[in-house]
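**Student:** The chain contents come next:
Number of protein chains: 2
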Amino acid sequence: VVTVFEQLKAEGYLEGRRGAGTFVSERIPDDLQPRIEIKTTASIAARSVTPFAARPPRAFRVNEPALDHFPMDLWARIGSRRLHRASRLLLASGDPQGYRPLREAIAAHVATSRGVRCEADQVVVLSGTQQALDLLARIVLKPGDAVWMENPGYPGAFEAFRKAGARLVPVSVDGRGLNPADGARRDSRARLIYTTPAHQFPLGMALPLDRRLELLDSARRMKALVIEDDYDSEFRYRGRPLPALQGLDSGDTVVFLGSFNKALFPSLRIGYAVLPPNLVESFVELRFHVDRYTPQLDQAILCDFITEGHFTRHLRRMRALYESRLCALTEAAKRRLDGVISIPDIAAGLQTTAIFSKRTDTARVERASSILGLETLGLHRFCLERIGTSGLMLGFAAIDEAEIRRGVNALAQVFETLDRRRPT
Amino acid sequence: VVTVFEQLKAEGYLEGRRGAGTFVSERIPDDLQPRIEIKTTASIAARSVTPFAARPPRAFRVNEPALDHFPMDLWARIGSRRLHRASRLLLASGDPQGYRPLREAIAAHVATSRGVRCEADQVVVLSGTQQALDLLARIVLKPGDAVWMENPGYPGAFEAFRKAGARLVPVSVDGRGLNPADGARRDSRARLIYTTPAHQFPLGMALPLDRRLELLDSARRMKALVIEDDYDSEFRYRGRPLPALQGLDSGDTVVFLGSFNKALFPSLRIGYAVLPPNLVESFVELRFHVDRYTPQLDQAILCDFITEGHFTRHLRRMRALYESRLCALTEAAKRRLDGVISIPDIAAGLQTTAIFSKRTDTARVERASSILGLETLGLHRFCLERIGTSGLMLGFAAIDEAEIRRGVNALAQVFETLDRRRPT
Numbered sequence: 001v002v003t004v005f006e007q008l009k010a011e012g013y014l015e016g017r018r019g020a021g022t023f024v025s026e027r028i029p030d031d032l033q034p035r036i037e038i039k040t041t042a043s044i045a046a047r048s049v050t051p052f053a054a055r056p057p058r059a060f061r062v063n064e065p066a067l068d069h070f071p072m073d074l075w076a077r078i079g080s081r082r083l084h085r086a087s088r089l090l091l092a093s094g095d096p097q098g099y100r101p102l103r104e105a106i107a108a109h110v111a112t113s114r115g116v117r118c119e120a121d122q123v124v125v126l127s128g129t130q131q132a133l134d135l136l137a138r139i140v141l142k143p144g145d146a147v148w149m150e151n152p153g154y155p156g157a158f159e160a161f162r163k164a165g166a167r168l169v170p171v172s173v174d175g176r177g178l179n180p181a182d183g184a185r186r187d188s189r190a191r192l193i194y195t196t197p198a199h200q201f202p203l204g205m206a207l208p209l210d211r212r213l214e215l216l217d218s219a220r221r222m223k224a225l226v227i228e229d230d231y232d233s234e235f236r237y238r239g240r241p242l243p244a245l246q247g248l249d250s251g252d253t254v255v256f257l258g259s260f261n262k263a264l265f266p267s268l269r270i271g272y273a274v275l276p277p278n279l280v281e282s283f284v285e286l287r288f289h290v291d292r293y294t295p296q297l298d299q300a301i302l303c304d305f306i307t308e309g310h311f312t313r314h315l316r317r318m319r320a321l322y323e324s325r326l327c328a329l330t331e332a333a334k335r336r337l338d339g340v341i342s343i344p345d346i347a348a349g350l351q352t353t354a355i356f357s358k359r360t361d362t363a364r365v366e367r368a369s370s371i372l373g374l375e376t377l378g379l380h381r382f383c384l385e386r387i388g389t390s391g392l393m394l395g396f397a398a399i400d401e402a403e404i405r406r407g408v409n410a411l412a413q414v415f416e417t418l419d420r421r422r423p424t
Numbered sequence: 425v426v427t428v429f430e431q432l433k434a435e436g437y438l439e440g441r442r443g444a445g446t447f448v449s450e451r452i453p454d455d456l457q458p459r460i461e462i463k464t465t466a467s468i469a470a471r472s473v474t475p476f477a478a479r480p481p482r483a484f485r486v487n488e489p490a491l492d493h494f495p496m497d498l499w500a501r502i503g504s505r506r507l508h509r510a511s512r513l514l515l516a517s518g519d520p521q522g523y524r525p526l527r528e529a530i531a532a533h534v535a536t537s538r539g540v541r542c543e544a545d546q547v548v549v550l551s552g553t554q555q556a557l558d559l560l561a562r563i564v565l566k567p568g569d570a571v572w573m574e575n576p577g578y579p580g581a582f583e584a585f586r587k588a589g590a591r592l593v594p595v596s597v598d599g600r601g602l603n604p605a606d607g608a609r610r611d612s613r614a615r616l617i618y619t620t621p622a623h624q625f626p627l628g629m630a631l632p633l634d635r636r637l638e639l640l641d642s643a644r645r646m647k648a649l650v651i652e653d654d655y656d657s658e659f660r661y662r663g664r665p666l667p668a669l670q671g672l673d674s675g676d677t678v679v680f681l682g683s684f685n686k687a688l689f690p691s692l693r694i695g696y697a698v699l700p701p702n703l704v705e706s707f708v709e710l711r712f713h714v715d716r717y718t719p720q721l722d723q724a725i726l727c728d729f730i731t732e733g734h735f736t737r738h739l740r741r742m743r744a745l746y747e748s749r750l751c752a753l754t755e756a757a758k759r760r761l762d763g764v765i766s767i768p769d770i771a772a773g774l775q776t777t778a779i780f781s782k783r784t785d786t787a788r789v790e791r792a793s794s795i796l797g798l799e800t801l802g803l804h805r806f807c808l809e810r811i812g813t814s815g816l817m818l819g820f821a822a823i824d825e826a827e828i829r830r831g832v833n834a835l836a837q838v839f840e841t842l843d844r845r846r847p848t
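Residue numbers (the numbering used here), protein chains in the order written: chain A, 1 to 424; chain B, 425 to 848.
The set of hints was computed from the structure by calculation and includes no laboratory data. Built from N, CA and C at the ideal position, the CB exists for glycine as well. Hints may contain errors.
[As the list claims (entries may be wrong)] A few chain A residues that don't get close to chain B, going by computed Cβ distances all over 10 Å: (1) Ala108; (2) Glu119; (3) Asp217; (4) His289.
[Claimed, not checked] Pairs of lysine-lysine, BS3-like flavour, derived with a Cα cap of 25 Å: (5) A:Lys163 x A:Lys223; (6) B:Lys647 x B:Lys566; (7) B:Lys587 x B:Lys566; (8) A:Lys334 x A:Lys223; (9) A:Lys358 x A:Lys334; (10) A:Lys142 x B:Lys566; (11) A:Lys142 x B:Lys587; (12) B:Lys758 x B:Lys782; (13) A:Lys163 x A:Lys142; (14) A:Lys163 x B:Lys566; (15) B:Lys587 x B:Lys647; (16) B:Lys782 x A:Lys163.
Turn these sequences into a full structure, and let the hints steer you where they fit.
**Tutor:** Below is the structure:
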């Protein structure tokens with residue numbers, strides 16, 4: 001009970017007031033349903049998104065946490081202690097499945113915070129989600145196999161499955177996330193389903209329980225494997241998080257993927273897969289042939305960081321920070337961009353979508369933004385097939401409130417300029 | 425000139441005597457030709473070699489350096505300094521090609537010590553040789569493509585090319601290494617040639633200059649790419665090292681692979697490829713889709729370790745240590761195993777072969793050795809096709825001289841027992 005209370009506190013659902021007790025946080029709404037309507041139409045190419053972040057972040061960089069708030073001194077202290085006391089074992093060849101104490105810490109973390117049901121023997125430590133996708137594609141897919149993909153969806157997954165020769169089946173994402181009925185209409189013999197149920201990439205909504213059950217049911221009927229990419233589930237600013245799809249399954253249908261690269265820092269390069277027991281052996285064997293194992297000293301440092309409670313504390317602090325940044329973005333957008341874009345009411349993640357009120361040439365918006373020193377990405381970059389709305393992804397986690405306001409002002413300027421130039 | 429002198433000193437070819445000057449080391453022979461004759465016959469399967477080294481090393485563990493002699497305090501001090509001063513840039517998403525200062529340090533190192541001709545723009549930082557092989561196989565090979573493989577050879581390469589659907593062509597290794605004429609007889613349309621010219625894996629000889637030129641010539645004629653795995657070239661205890669095959673080539677034929685995982689410690693997981701300029705883009709693109717990039721803090725620590733001169737000093741110390749361990753092994757074997765096994769006169773590497781004088785069931789030797797607490801690997805594990813000799817690989821780098829002598833005594837006991845049981 002204490003663990004559950006601590007976890008709920010850590011995640012911001014409960015608040016402890018000194019000398020008074022524990023209270024349910026004031027900002028928990030009953031309904032998390034997002035309100036965007038997305039329809040699929042003709043096909044446009046999904047371009048890859050460059051992640052090379054050599055420059056300091058500007059509005060509205062996506063996929064980057066607030067690195068200047070990362071407790072580097074603490075990490076360095078733990079790292080230094082681990083390096084100075086490193087045993088021969090930590091320097092020698094490691095377990096391709098991952099450093100055992102880290103696998104145990106991960107299994108405990110995902111059980112408590114995500115409702116994942118697993119043993120440490122099902123956990124494989126990897127360099128991140130991308131490596132998991134590449135390895136799973138190579139194990140599961142044969143050329144020509146169909147894969148259900150969320151549309152819009154995650155280009156890293158498109159690439160991984162395309163490299164394995166798969167046929168990507170775009171499945172529409174409506175206001176309630178991935179629609180399994182649309183998937184069944186388009187291809188009822190998929191071998192794999194890729195989904196981001198905690199926080200749809202890029203639209204942000206959580207997949208409701210009935211859709212989750214429907215998705216698992218479709219998967220079992222097709223004998224498809226479901227890859228649950230638990231993307232950004234750590235960052236939810238109000239509402240109850242739904243436990244993982246993996247925890248709803250009887251055992252063999254779902255692979256659960258998580259990563260520390262955005263919750264801590266991108267260049268860490270540690271993520272993990274929680275596999276059905278029957279997949280572990282072939283997955284670890286391929287991993288060994290592909291790149292052996294994850295650097296062990298890094299795994300040991302991360303393990304200490306988690307087991308000493310720093311990971312949970314860091315997430316809690318980042319949640320508060322990102323929530324206030326999202327709030328700054330929403331308010332500035334309401335003031336300066338009302339009637340031009342709308343930001344869905346999804347209090348989660350490191351970024352949000354901004355949906356254009358009028359049909360707009362997204363590539364022109366991107367170009368004009370770039371001239372004003374903005375980093376923007378059009379939603380069209382995440383589409384396998386054209387969707388009924390256009391808009392941008394706006395990252396808010398990596399930049400402070402002043403930069404957020406500058407960015408919104410610049411974006412307003414972009415739309416004013418484009419509007420003036422519009423011939424009709 | 426000073427650099428070259430320093431390098432030759434670092435590699436043990438010159439000796440500095442305080443107050444007296446620099447002298448050529450006393451133990452440089454004119455001829456490095458090894459004396460083993462290997463002939464290929466019927467085919468036997470190459471089994472994979474498990475690298476999981478959780479237990480302390482025993483005689484005769486292969487592929488493990490002397491971890492108790494690694495300057496961990498120094499590494500920890502450098503690591504701690506890097507972590508405490510880590511910039512935002514080091515925490516953010518990195519360059520899939522590798523941390524630029526490390527690529528420059530590697531380019532300088534391979535130019536000076538290995539005669540490799542390259543710019544930092546041709547260097548890609550990876551987790552090790554295995555990742556390079558997997559990526560190259562995926563870029564270069566189509567199912568059914570022929571690959572020349574040294575026989576006996578490196579099972580990690582067999583696996584990487586098999587996973588890409590390649591047809592492995594065993595090319596015989598005689599007393600002078602890989603024989604290109606045998607390759608041409610077996611398949612004159614190979615797409616790829618894999619070779620370990622500095623120190624043939626597992627037999628240990630260096631490929632002489634005429635064979636190197638012949639090999640490059642064959643590759644150009646077939647329009648094949650050559651993968652030069654510069655395996656264990658750092659550890660040569662006498663004789664001149666031949667410069668890399670890559671440096672003999674005009675530009676587009678050779679990929680040069682190196683690794684820090686055995687020169688420093690296995691769980692570091694940093695190696696590199698030096699690519700022909702025309703391969704860099706597609707290689708880095710695939711690498712990005714497969715696992716993004718190598719952890720940046722680790723790259724920065726390694727970079728400091730190299731540029732501050734510690735890497736060269738560590739190699740020099742390890743060379744002296746391993747040479748004395750090899751010497752202990754050779755002498756003990758002469759005393760206790762004369763007429764039973766012979767150890768070729770190759771003063772290099774972390775391990776040596778021990779060739780059986782009489783035809784012996786290698787699997788029985790492995791089993792009996794294991795009962796006596798030895799770790800031995802039969803040469804048959806490295807064969808694509810049966811070869812004319814049988815023997816073991818004996819690692820000597822990871823264990824001290826007492827353990828080497830215990831191991832030789834135990835091995836003598838193994839052969840005495842097997843001899844007594846022999847029915848004929």
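**Student:** Evaluate each hint against the coordinates.
**Tutor:** Here is how each hint holds up against the structure:
no. : hint                : verdict
1   : Ala108              : holds (22 Å)
2   : Glu119              : holds (19 Å)
3   : Asp217              : holds (32 Å)
4   : His289              : violated (5 Å)
5   : A:Lys163 x A:Lys223 : holds (22 Å)
6   : B:Lys647 x B:Lys566 : holds (15 Å)
7   : B:Lys587 x B:Lys566 : holds (11 Å)
8   : A:Lys334 x A:Lys223 : violated (46 Å)
9   : A:Lys358 x A:Lys334 : holds (16 Å)
10  : A:Lys142 x B:Lys566 : holds (15 Å)
11  : A:Lys142 x B:Lys587 : holds (13 Å)
12  : B:Lys758 x B:Lys782 : holds (16 Å)
13  : A:Lys163 x A:Lys142 : holds (11 Å)
14  : A:Lys163 x B:Lys566 : holds (13 Å)
15  : B:Lys587 x B:Lys647 : holds (22 Å)
16  : B:Lys782 x A:Lys163 : violated (50 Å)
In this structure, the earlier hints numbered 4, 8, 16 are contradicted, and the remaining ones agree with it.
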